[in-house]
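Enquirer: As a plain string of letters, each chain reads:
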Amino acid sequence: MAIRRRPTKAELRRQKMEELINYPLDWLEERSGLVGGVKYFLFRNVPSDINWMQTLGSAALTAFLVQAITGVILAMYYTPSAATDPATGKPVAWESIVNISDNLTLGWLVRGMHRWGASVFIILMFLHMGRVFLFGAYKYPRELNWIVGVLILVMGMMEGFTGYLLPWDQTAYWATVVGINLNGTAPFLGPWLAQFLRGGQEISGDTLTRFYSLHMLLIPGAIIGLITLHLYLVIRLGVTSPPWSKDAAGKEAEDEEPEQRPGLTRPVPRTAGGTAMQAEPGGRD
Amino acid sequence: MEPEQPSPDPKHESAPEEAHLPPPTLWPIGFAIGVVVVLVGLVINPELISSIGGVIVVVFGFLWARDATAELRGAAPPVEPERREAPAEEGHDVTLVPVTAETVTRSRFLEGATLGLGGVIGGLITVPVAGFAILPGFLRQKGHKVDLGPISDFTPSQWFITTFVVDPAQGEVSRRTAFIRNNGPVTDPKTKKPVQSFSIISNRCVHLRCPTQANGPTGSILGMPTVTEHTANGHVVLDPVVPAGYGCPCHGSQYDVEGNRTAGPAPHALDRYEYEIDNGRLILLSTYSVSHVVGAGAQAKIYKYGYSSPGNEVNGPEQWLWPLQPPHH
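These protein sequences, in sequence, are chains A and B. Here the working numbering is used: position 12 in the first sequence is 12, and no number is missing along the way. Here the working numbering is used: position 316 in the second sequence is 316, and no number is missing along the way.
Please note: incorrect hints may appear among the correct ones.
Okay, the calculated beta carbon distance ranges per label pair [said to hold, decoys possible]:
(1) B/127 x A/17: 56 to 66 Å
(2) B/139 x A/51: 50 to 60 Å
(3) A/187 x B/329: 18 to 28 Å
(4) B/63 x A/24: 25 to 35 Å
(5) A/160 x B/117: 34 to 44 Å
(6) B/128 x A/37: 52 to 62 Å
(7) B/301 x A/189: 25 to 35 Å
(8) A/189 x B/168: 27 to 37 Å
(9) A/48 x B/104: 55 to 65 Å
(10) B/139 x A/154: 26 to 36 Å
(11) B/72 x A/37: 53 to 63 Å
(12) B/66 x A/189: 41 to 51 Å
(13) A/19 x B/125: 41 to 51 Å
It should be emphasised that the hints constitute simulated quantities derived from the structure, not laboratory data. Where is the CB? At the ideal position from N, CA and C, for every residue including glycine.
All chains, please: the whole structure from these sequences, using the hints.
Expert: Put into structure tokens, the structure is as follows:
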């Protein structure tokens, strides 16, 4: 039994401060349950033997967030117009990109982040996909999450395709000509898909505005929805152990911490006698 | 009537004509609306509105016919729902009205009405919006007439790399290039008058529409002047060239002087432009696809096909992979 004593003044002050700090969080939690939800999301149980490869998904998510934030800022300065600036004789869209890179403060940095981050996002998605494949993490019951992930990858590539046109220079134009006409070689509906993407028979200013809308509104919205579904499934199904995991194979590690609970992320021990569950300190055995 | 039944069915005996009446149905209303849409569409827009009406007629006609023939086809018998006696409370005699599967209860009606109305509202919003996203790229595609300047600029038997702006409203993005040769005067088979014959080959590769280049010396090397004409279609540049053929920088397709494919992934010969001569000026019209060309110059026999998307075969069995090309000018 601990000896009860009156708290000192310092302890009382500390307690008051804690209450003051926690008040907004408690207010929010009482009315929405959001604090508990975030805690549930961030402090889930994961297998004890996960490794760094399993952070690739979070890295890809971070890359997407970088793209989203830099993209929103770039949209403040970019003009998706194929019209010719009468003062310079150059297309307005291309001039606005040059303005971002050369004149606006830190524009070069944000555009660079967006431009190179696009490749980083795709590369991280591929590495993440390779990790999931090699760990066998796509197997039952996680097949649906693999499918959702593939859709996110496809959407990411569509982002790359639509974003590539926006600088409206020669590279952008001819890459889009070839890319759209590749779609046009698909049997039966290919030419129709190509014409839909162009918004007409030839690439024009309509194609630029159409790609801009797809690039910054439609596809990112779809990606955000798919990522939400992806994360929901990760939380629901838990993180897989690596294929070399002794835990996942049903063997108990030597130095197993007894307070770990079996659950979705850990197999329930199948030994008949004393298990980790019953051997908790303070238990009645 | 079933033969094994010993006693005749009293219903059939008393009112035989009623037994053959189809059950009441609401489908004819939709059918009639469809007919009205077809007729209105004939006035407004026969292609679009009438075909929508046709679809409505077919769908509701099918549903109506299915309803009307349900008895003849022997529809599945209604399944009786399970019924249990409610425990009678003291002093009250509770009698439960048996609810059959067909009965529309209040909650079932509200559920259906909410879903149905939601669907209708969603459709009313989605259909025109989706149409706006898709249809403008397909409907009302306008053709262009491109004025390339006086035909006297085109020295007979000389190829010119000619660049021009197809649609001045779109500006430089619609700048195109054609390889043009004046084949000299030939006799028009109909009017028996001499007319100028031109070979006008689009430089866009029929593989994926990269710009092919003429393989051969151009103006400055030949010591010939490059002509620039200012017409309604921007500045038209005529650069003389002696091509041995045309080559595509993207994936290596090669074509001979008449545009026949000689190597690479291109499926057929280079596209060509229709043209007319108006007041001594060369006017380019729409493009068409070509499978191959036999002969050269004014005597060339051009195997001509409707404009097709790049990479698509225009003849042979492969053409059936692309049975319908989207509308174009």
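Enquirer: Which of the stated hints cannot be reconciled with the structure, identified by number in ascending sequence?
Expert: 4, 6, 12
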